[in-house]
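For this one, chain A is given, so just place chain B on it according to the hints.
So the protein sequences, as listed, match chains A and B.
Each residue of the first sequence is one higher than the one before, counting from 1 in the working numbering.
Each residue of the second sequence is one higher than the one before, counting from 1 in the working numbering.
Check before you lean on any hint, since a few could be wrong.
Same chains, same names: a pair is fine if it fits in one copy or spans any two.
[Unchecked claim] Once the Cα atoms are required to be at most 27 Å apart in a straight line, the calculated BS3-like pairs of lysine-lysine come out as:
#	residue 1	residue 2
1	Lys8	Lys155
2	Lys63	Lys31
3	Lys134	Lys8
4	Lys155	Lys291
5	Lys291	Lys141
6	Lys63	Lys8
If you're looking for bench data, these hints aren't it; they were derived computationally from the structure.
Protein chains: 2
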Amino acid sequence: MSQPPFTKIIEALPTTVPFVGREAQERARMKPFRARVGANESVFGPSPMAIAAMAEAARDVWKYCDPDNFDLIHAIAAFHDVSPENVVIIEGIDGGLGLANRLFVNPGDAVVTSDGAYPTFNFHVAACGGQLFKVPFRDDKEDIDALLSTAAAQKARILYLTNPDNPMGSWWSSDAIEELIAQLPDGTMLALDEAYIDTAPAGTAPPIDTNNPMVLRFRTFSKVYGMAGARIGYCIGEAAVIRQFEKVRNHYGINRIAQVGAVAAIQDQAYLSETVRRIAEARDAIVRISKANGLRPLTSATNFVTVDCGRDGDYARAILQGLLERDIFVRMPGVAPLDRCVRIGAGLPEDMVLLEQVLPEVLASVGVN
Amino acid sequence: MSQPPFTKIIEALPTTVPFVGREAQERARMKPFRARVGANESVFGPSPMAIAAMAEAARDVWKYCDPDNFDLIHAIAAFHDVSPENVVIIEGIDGGLGLANRLFVNPGDAVVTSDGAYPTFNFHVAACGGQLFKVPFRDDKEDIDALLSTAAAQKARILYLTNPDNPMGSWWSSDAIEELIAQLPDGTMLALDEAYIDTAPAGTAPPIDTNNPMVLRFRTFSKVYGMAGARIGYCIGEAAVIRQFEKVRNHYGINRIAQVGAVAAIQDQAYLSETVRRIAEARDAIVRISKANGLRPLTSATNFVTVDCGRDGDYARAILQGLLERDIFVRMPGVAPLDRCVRIGAGLPEDMVLLEQVLPEVLASVGVN
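If we strip away everything but chain A, and leave its shape as in the complex, we get:
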């Protein structure tokens, strides 16, 4: 019997996965978590209108989606005041980042990101055979100047930036991003991941310039819209660039229920505002609880708060472990020195009560002295 003919790229790749899922952790510990604040999901859920639309759409799921995503693209275009030709619907930002890599990254091409930033982006670069250059965070922020100089030096095809960023929750102003765009090296695309933009202070997102072919703006319904499991997001860019996604995207790949839900969700901005308010309350609670326990919460523009535990990665990992053991699902940055922190998502009031209860126990158990 012969051997499967894997490509050179596949042969060279390790079988790694970006994250261990919460469910796998629950199966291993043989009990569910009580607070689920580890995956930057929105515990506040989707708009009731989106829920109703999705529940209603279940019986129509025998139909393929509209491969043109006509209704959703038009709703998004209207919301952002851009043309429908500037919008492509993606299977979450994860899916969109995969497509962007396939559009721009030949095997061996350089791609630049921040060390400790979103691992799924790196996963997609690897699967295309790209060569990844990682720039350290600086003062817990993505280091724009170093990202730019690395992109120029390596002739990077893509510069990936998250704003606000994950896992630190920090952000750059619109002015800083516009300056970055102005200074992009020749032939470098900016993949600007704005998954967390809905919770950022006003003045964080630069105006959308659909005349610039070198910038792709990634947005999602997974975070504040509360639809992570629906796998739906979008990318905005110059029309001719957006059209190229047609060459690689899975045209019938969008879930029909998600399409319907997203249309309802984007039209319910009142619910989005209310969610942003509840997230802000939860962030305040995390800040208060962390400080009361002698930890240092970082200022956050996202739906989570990254909390500096004040010592090294081992110490933060011990705290993380203590929280997990006490039924609070959280995650933490994977790379030093960011890994001195744990990342706690905005939770329901009862989640925050649980955090307040168990954090002192956890700190006592890991020896805060």
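Leaving out everything else, chain B in the frame of chain A:
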């Protein structure tokens, strides 16, 4: 301003899409179709248990899916009596075919399919830079001998076969497929697309051999399970090969509502059987109506009937157009000599009544004399 750095493969590709969607046609004609029997969907819908599970899951869609697809993989493994390690969940067979191409096709590598078979497979080959060799159908069936000899001559990485096939609805016996597997050239993977297997006669699907690393079996919830819009299917293969999908699949890419729906659907085999029965009734109706109008329906193992209109492609296209104008959404094969046919999906009783009403009008209008 610089230019986007598209890859060589992307630069070389035309911006084509596999199919124009039904919705785009409806927008162009500015009215909906009355019978939707063109996309091989199941008008009979999903299991009521799946509908209920999906409707219930809508409010939980704020959670990402379980990236391990644990519950669904275990349900599928139990159903097929294979190990969970032999199963990977895919975003419909479309998604799975995309991943298979990424696993096996370097730019320039040969891939073999049948001329006129599923265009989405070809789309994925093109996006990987593969070189596609198309073997003509023979007697309205995929030509196994010619596929094998072409695969051997071209050192194909993948041989793609649908059984039963689309768009002709014909099929090979289990014995013929096993013989094909035994004769696969060294280094050629068989991608066996069994989207339509649930409506095929007993003895069509060969036993699943999870010891053979050269065969991938693709199954879907899109057809008889009535969940096309959910984008969920699976691939069964040897464990070490299945594990390689971890390198390219979008781990959080499965819609959570679809996961839940698929678990419910596969556990409701009574509903599946009932759907198969209703499809058979509808096929009988299409056969009867076609014959009564002097056309020649081909024997079908799928949820559609391909009807030989008895003349050339222009004639069949005129009939297709006549059906579309009379509110019946149908499609037809794109390649001669298959394009002497139109493809009519199993419809609801009222869809079949409409067909019976309008087909004589259509034939009269295109000049059957």
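Verification of the supplied hints:
1. Lys8 x Lys155: both (23 Å within a copy, 16 Å between copies)
2. Lys63 x Lys31: between (37 Å within a copy, 17 Å between copies)
3. Lys134 x Lys8: Both ways: Lys134 and Lys8 sit 23 Å apart in one copy and 25 Å across, limit 27 Å.
4. Lys155 x Lys291: This pair counts as neither: shortest intra-copy Cα distance 44 Å, inter-copy 65 Å.
5. Lys291 x Lys141: Within one copy only: 21 Å inside, 71 Å across.
6. Lys63 x Lys8: For Lys63 and Lys8, neither the intra-copy (38 Å) nor the inter-copy (35 Å) Cα distance is at most 27 Å.
The structure shown violates the earlier hints numbered 4, 6.
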